[in-house]
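*Asks:* Residue numbers (my numbering), protein chains in the order written: chain A, 1 to 451; chain B, 1 to 619.
Source of the hints: derived by calculation from the structure; they are not laboratory data.
Hints are not guaranteed to be accurate.
Just some of the chain A residues that point at chain B, by a computed CB distance under 7 Å [what the hints assert, rightly or not]: (1) Pro180; (2) Asn183; (3) Ser212; (4) Ile243; (5) Ser313; (6) Leu315; (7) Arg319; (8) Gly320; (9) Asp323.
Positions of the beta carbon are idealized from the N, C-alpha and C atoms, including for glycine.
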Amino acid sequence: MISRRISRRTLLRGAGGIAIGLPFLDIMARTQRAKADPPAIPQRFIVFFTPNGNIRENWTPTGTETDFKLSTILAPLQPFQDKLIVLDGVDNEAAKHGVGDDHMRGMGTMLTGTELLSGTTQGGCCEPAGLAGGVSVDQKIAQKIGASSKFSSLEFGVQAKSGGTVWGYTAYSDSNVPLPPENNPANVFNRVFADVGANQSALAKIAAERKSVLDAVSASYSSLSPKLGVTDKQKLDLHLSQIRDLETRLTATTDVGASCVKPTLPTIDFNNNDNFPAVGKLQMDLLVMAMACDLTRVASLQWENSVGGTRFSWLGMDRGHHDMSHDGDDNTDTVSKLTQINTWYSQQLLYLMTAMSKVPEGTGTMLDHTLIFWVNELSRGNVHSHPDMPFLLAGGTAAAPQPLTMGRFLQYAASPTIKHNDLMVSLLNVYGIADKTFGNPAYCSGPLVKL
Amino acid sequence: MHERTRTLTRPRAEVRSSGLGLMGAVAVAAVGALAACTGKIDAAGASPGAGTVRGTGNGTGTGTPGSPSDPGSPNSPSGSAGTGNTGTPGSTTDPGTGTGTVTAADCAKAPVTPGPTFVRRLNRFEYDNTVRDLLGDTSNPASAFPTEEIRLGFDNNATALQVSPALVEQYMTVAETLATTAVTKNLKSVLSCDPTSVGADTCAKTFIDSFGTKAYRRPLTTDEETAMKAVFDVGAKTDFNSGIRLVIETMIQSAPFLYRVEFGATPTANEQIVKLTSFEMASRLSYLLWQSMPDDELLAAAKADQLTDASDIETQVTRMMQDAKAHDVFAHFHQQWLKLDGIANLDKDATIFTAFDTTLTPLMAEETRRFLDYVVWQGGGKLDDLLTSPVSFQNAKLAGYYGTSGASGTDFTQVNLDPKINAGILTKGGLMAMLGKANDTAPVQRGRFVREQLLCQPLSPPPANIMIKPPELSATLSTRERFAQHRTEPLCASCHDLMDPIGLGFENYDGAGHYRTTQNGMTIDASGQVLMSDITGPFNGAVDLAQQLAGSNQVRNCVSTSWFRYAYGRAETADDACTIANVNQKFADAKYDLKSLLVSLTQTDAFLYRKVIPAGGAQ
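Same shape as in the complex, but just chain A (with noise of 0.2 Å):
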């Protein structure tokens, strides 16, 4: 359904017929004009996130570590094969402990390795939870490769529902804190896009009154703060933070990219479930282009959320996806239409790894400075399993301090048990962090062997 070979034209049309390209920014000209030196070249890292299981039998690839085929539902990535690494067999260990039910869990500890908080959301089954009890990778890695940008990190959802509940996220900056995705393109277009080419003296007096306003705003704060009880004051003192942390956001002066564009203010209704592709696809383009524009380096891109209802009308289908990964394997029907919905996946992030590769950047693309994170919060649907996680590895770390050789499938055996842990370890390092372990430290043997 979507060409590999796809025109500067069509990434900067959303889908519904939005153009979002459109001329090049004075800003960017002048940035250009400014630069003695060609800037270093950004690093990447980006989180994809499908729910509710995959269809093993028919998302892994038969062949050898170099030399492999990819199945149905890979098969869309063909074009970019020697920019994935497939992984089978590596298990999210820590989704196989502590409170939450299956998906919650999954959901979880995806991202941390780490089990959840005690809380009082009750799942299917199980102790109820709150939500998940560490730092995510993504936004470790933020840490170190978002803080030269606008933005540290951004998070899109496509109709990611469940917020409120450890359902709802993929991304925590802290154990307990989520960074909730924002489901409206519009909403992404005003927070990341609004000031970018704007008049300069327009954005000088803004940036001036929101300075008056936010220092006032601040000392409400400040002074409230330490009359307070310990739990009280802890409250404030976060809001207080992220007040500080977003002037220091407002001030930040961005070397906006060569390849950047500003989009317009997309409109639809991002709600309706017919128009999920549409909402994809649009926030697809606004996450390139706010990486083409370094606005921001650490993404995800959360499609529905843990548990996710969406009903793939476009693909003829009337059920919701997460009632039918409950179908046991013997409905044939249930399991060709799950490998059709995981398919379709594969599909969106060709779209995403298109577009990046459509964006010059030093001697080869964006893409080959972008690492996407293919995430999912169970293995199998129906028995909402944990080991043999459908992971994917897709894009390039051709600048990294500790780059990955890409274009491999790389299979664990059953035992000893490769936990996703190691993963993420070595996910840090390929960034220049050199931590051996992240997450719950039992999980965690180091960086994943083969890698």
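Take the given structure of chain A and dock chain B to it, following the hints.
*Replies:* Frame of chain A; chain B shown alone:
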């Protein structure tokens, strides 16, 4: 069960050891989690306690500094179904009067113990209501804010309401939009003076004081006035309106606007418990009854310091209950307590439920909304009405789907349904469809709903690592037959006996909310059974069940506990024993009238008082 208790209460061991017996006895049935579905009820939180355990001097009650710091969870989810004692399956002991219960009579002589008090951030609903009442802005900007974390079933839990970077940014951009709209379209309604006649500075100061008192829900301090004037001056370099705009922007991002902060009255020497100030009480009342800021009358009463006596407060409450905004609070509570948001996302298999389509879901949601509003405000107002009234609200399309009569056109009208097959909220099509699978009924979910939402008995976990696979559809078997495995496998039965026999009593309502009498050509057997509750025993069909639930003290206590959590934004604690006892007594005296329950929540220790914040913090 024991495992869960340990998990949830580990950080608060001190609470469990201080007033637990009291707590367990008073809050029985309200916060009980079922023992590992083996029939043995956890007694950890239910030791009978010894009458009152309160101290005798004012302000020297059981609440010691260092008591619960996290209201996110009940301090003791043990308490337990049935009695607070060691119930057995089939126990029918009245949970409201079991041994060790602290009664309202005991509490009449007891010292005041208010439980913990926390600052509360406005949630999205409160934010939208507040800017509507403050600025006349009905754009509901908070709908774009991140969803609140749901704790204890509600979106207004004090500790859960933290901020994320995205939210703080949205507070800023929304404040800019709201302030710009206010000064360009609505200036006259927020500005009470004319800068050209009284002078810009004078008018600005007047504005800062008058608007500030509304925004902060109390008069500004001198420091705050000075800071706001400085902000005004920055904007006034452009023009007067810009100055006003920046003041509005600042105020509605500031702590006294976004948070409800309460210090209480200045304590006298050694005083540890104080009443709230009148201005603090004005906000407590308005956010409880309207989920919005105080109106002018409340602020005037606060200014006159007339909101410290319980009787004066009740007078205000009576007035406030006449306001339409009080309807919204009941609706918001019911929506969350009964998890009605799920109706909007119904997802049915069109090949199984051929008459169902998604255009029915908003109608079903509207039906339940109107029914609940009617029950509270017109249809008797009692819990009994909520659970048993055969009234509903339908339009022609919805009635056509259900096959009922009495409705025509697109407008909703009141219809009186057949009381033999319709009882209150439980048999409403929206709820039944929500508690249904896409292609089937869902006896487990239906049983669990009754168990958890109405009986307040969270169910304990099934064994780890079992493959959970619901029975496949069948063209010949009944649902009851297909779910029989849950009853014959001992491993499954210990828990499913608490859910399935309740859920199977709803088999007359298919998975899309439609009434039926047969399945696969067989007459439906809708007999059921409720174990481990104060209505333990058989029932026949949903209407019978609803009537039994309406007479259950366990359900009544569950409703009052849910309201406690919603109204106070926190879990109940040991210190709340008398608050709960008094509320339950008044609820009983009022024949379980729902409005009176809300009124009585304003007359408690927990609502009228707070502990003094120790110098230097440490709550």
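*Asks:* Work down the list of hints and note, for each, if the structure agrees.
*Replies:* Each hint tested on the structure:
{"no.": "1", "hint": "Pro180", "verdict": "holds (4 Å)"}
{"no.": "2", "hint": "Asn183", "verdict": "violated (9 Å)"}
{"no.": "3", "hint": "Ser212", "verdict": "holds (4 Å)"}
{"no.": "4", "hint": "Ile243", "verdict": "holds (6 Å)"}
{"no.": "5", "hint": "Ser313", "verdict": "violated (10 Å)"}
{"no.": "6", "hint": "Leu315", "verdict": "violated (15 Å)"}
{"no.": "7", "hint": "Arg319", "verdict": "holds (5 Å)"}
{"no.": "8", "hint": "Gly320", "verdict": "holds (4 Å)"}
{"no.": "9", "hint": "Asp323", "verdict": "holds (4 Å)"}
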